[in-house]
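Number of protein chains: 2
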Amino acid sequence: MIRNPGVLSEKLGLSFNDPELFKIALTHRSAGVNNNERLEFLGDSILGYVIAQQLYGRFPAASEGSLSRLRASLVNETSLAGLARKHKLGDYLLLGQGEMKSGGYDRDSILSDALEAIMGAIFKDQGIAACQHWIEWLFEDKLHDLPLDSDGQKDPKTRLQELMQAKRLDLPEYILLSMGGSAHEQTFTVQCAVQLIADTTTGVGISRKKAEQQAAEQMLELLAQAA
Amino acid sequence: MIRNPGVLSEKLGLSFNDPELFKIALTHRSAGVNNNERLEFLGDSILGYVIAQQLYGRFPAASEGSLSRLRASLVNETSLAGLARKHKLGDYLLLGQGEMKSGGYDRDSILSDALEAIMGAIFKDQGIAACQHWIEWLFEDKLHDLPLDSDGQKDPKTRLQELMQAKRLDLPEYILLSMGGSAHEQTFTVQCAVQLIADTTTGVGISRKKAEQQAAEQMLELLAQAA
Chain P
1 MIRNPGVLSE KLGLSFNDPE LFKIALTHRS AGVNNNERLE FLGDSILGYV IAQQLYGRFP
61 AASEGSLSRL RASLVNETSL AGLARKHKLG DYLLLGQGEM KSGGYDRDSI LSDALEAIMG
121 AIFKDQGIAA CQHWIEWLFE DKLHDLPLDS DGQKDPKTRL QELMQAKRLD LPEYILLSMG
181 GSAHEQTFTV QCAVQLIADT TTGVGISRKK AEQQAAEQML ELLAQAA
Chain F
1 MIRNPGVLSE KLGLSFNDPE LFKIALTHRS AGVNNNERLE FLGDSILGYV IAQQLYGRFP
61 AASEGSLSRL RASLVNETSL AGLARKHKLG DYLLLGQGEM KSGGYDRDSI LSDALEAIMG
121 AIFKDQGIAA CQHWIEWLFE DKLHDLPLDS DGQKDPKTRL QELMQAKRLD LPEYILLSMG
181 GSAHEQTFTV QCAVQLIADT TTGVGISRKK AEQQAAEQML ELLAQAA
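Protein sequences, first through last, are from chains P and F. Here the working numbering is used: position 41 in the first sequence is 41, and no number is missing along the way. Here the working numbering is used: position 109 in the second sequence is 109, and no number is missing along the way.
Note that these hints are calculated values from the structure, not bench results. Check each hint, because a few of them may be wrong.
Pairwise CB distance ranges (calculated) [said to hold, decoys possible]:
hint, chain 1, residue 1, chain 2, residue 2, range
1, F, L177, P, V7, 57 to 67 Å
2, F, E173, P, R3, 50 to 60 Å
3, F, E77, P, I175, 24 to 34 Å
4, P, E136, F, T200, 31 to 41 Å
5, F, D18, P, E136, 42 to 52 Å
6, F, S68, P, D199, 19 to 29 Å
7, F, S68, P, K86, 26 to 36 Å
8, P, Q195, F, D106, 53 to 63 Å
9, P, E20, F, A224, 23 to 33 Å
10, F, Q165, P, L146, 52 to 62 Å
The beta-carbon is built from N, C-alpha and C at its ideal position, and this holds for glycine as well.
With the sequences and hints as input, model every part of the structure.
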């Protein structure tokens with residue numbers, strides 16, 4: 001059963017002046033001539049531009065090589081298919097009989113293309129600013145979790161681990177001290193300990209990972225002061 | 001001798017709020033740490049987006065494959081280096097001693113990267129609309145002269161000619177009615193006549209070719225109305 005595209009667009013925070021564009025974005029070439037291939041071409045280029053701009057701004061000290069690697073880690077078929085699955089795009093795809101039977105609604109390439117086609121549809125319907133805004137919303141977590149900090153350095157956990165490995169010491173230990181808040185606003189508190197010094201550091205964040213990064217960062221600062 | 005970047009930016013119709021950005025765009029990595037690599041990363045992505053958008057709009061019937069091929073024919077190192085040479089970018093590049101001696105100012109990769117870096121600099125200095133406008137100016141002739149594609153919409157002159165051939169009539173006639181304006185802002189007016197109807201159409205453009213295309217387009221519309 002094909003679900004109503006209007007439900008999906010609402011879930012995605014989208015409101016189309018021309019809902020037909022959104023429907024085309026969800027139409028795989030197996031379902032007809034008026035499919036999402038052209039919109040995908042357009043969306044793919046916009047996505048490349050928006051992510052490049054975001055990375056350029058977020059990592060002012062990163063080299064061109066780092067920026068390219070970061071973009072490749074964000075914009076690839078697997079990553080896009082993951083985002084599409086998160087928003088259950090597969091339930092709303094229009095596929096031909098053959099693709100439907102062979103599980104096309106869960107194929108990485110089809111999901112990824114449809115997601116890019118949605119970007120093209122937003123651009124056609126509402127222009128570049130709206131499209132950029134939506135892409136930034138879609139990639140918010142991924143952009144936030146990138147393994148580099150604002151100086152173009154590796155993230156604190158990685159740097160702390162490498163520091164310990166270089167000194168042939170045990171790897172840092174992270175202990176979850178507490179978890180609180182409501183389901184949508186959880187707070188994690190994590191303690192970091194290393195073999196090098198007795199002091200520990202504490203990090204707080206909206207995810208365990210973020211709390212660990214903060215604890216690692218503070219440990220790096222502590223070690224820098226102690227050195 | 002390195003020439004004043006201000007002269008080049010003026011020739012390119014550019015006026016930077018921050019002229020330093022333009023200088024960085026012309027600085028190859030061999031000349032120092034503060035070079036054009038990051039701006040090139042940014043410019044490359046904007047160029048891809050702007051050209052994709054142009055092709056999408058200009059070829060409403062072209063398949064995704066055709067659009068991709070057309071873009072690849074416009075955006076590649078050789079094509080960009082050609083545009084850079086046309087505007088004598090090489091004379092203004094900042095290169096290290098080694099690159100200077102080995103002719104880096106005329107190397108395709110260096111010219112192409114610098115051109116993309118200029119796009120990145122315009123974007124940083126003036127935003128996406130100004131950058132898009134400049135890219136469209138830079139690529140105007142190339143976009144206009146695009147090789148015809150079997151899936152894409154052919155240009156009006158070709159379509160009109162094919163229409164006449166299909167009807168076994170004489171080929172359309174184009175007559176230059178007038179030419180005016182100063183050397184840099186010439187205007188051509190061309191009349192188009194076909195054997196099929198007595199009415200003629202008139203096109204105006206900044207080149208004879210463009211005026212002919214416009215006249216052909218209007219003739220096609222006239223014929224469609226008459227049909």
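Review point. For this structure, which hints from the list above don't hold up?
Key: Numbers 3, 4, 5 and 6 - these are the hints that the structure violates, sorted from lowest upward.
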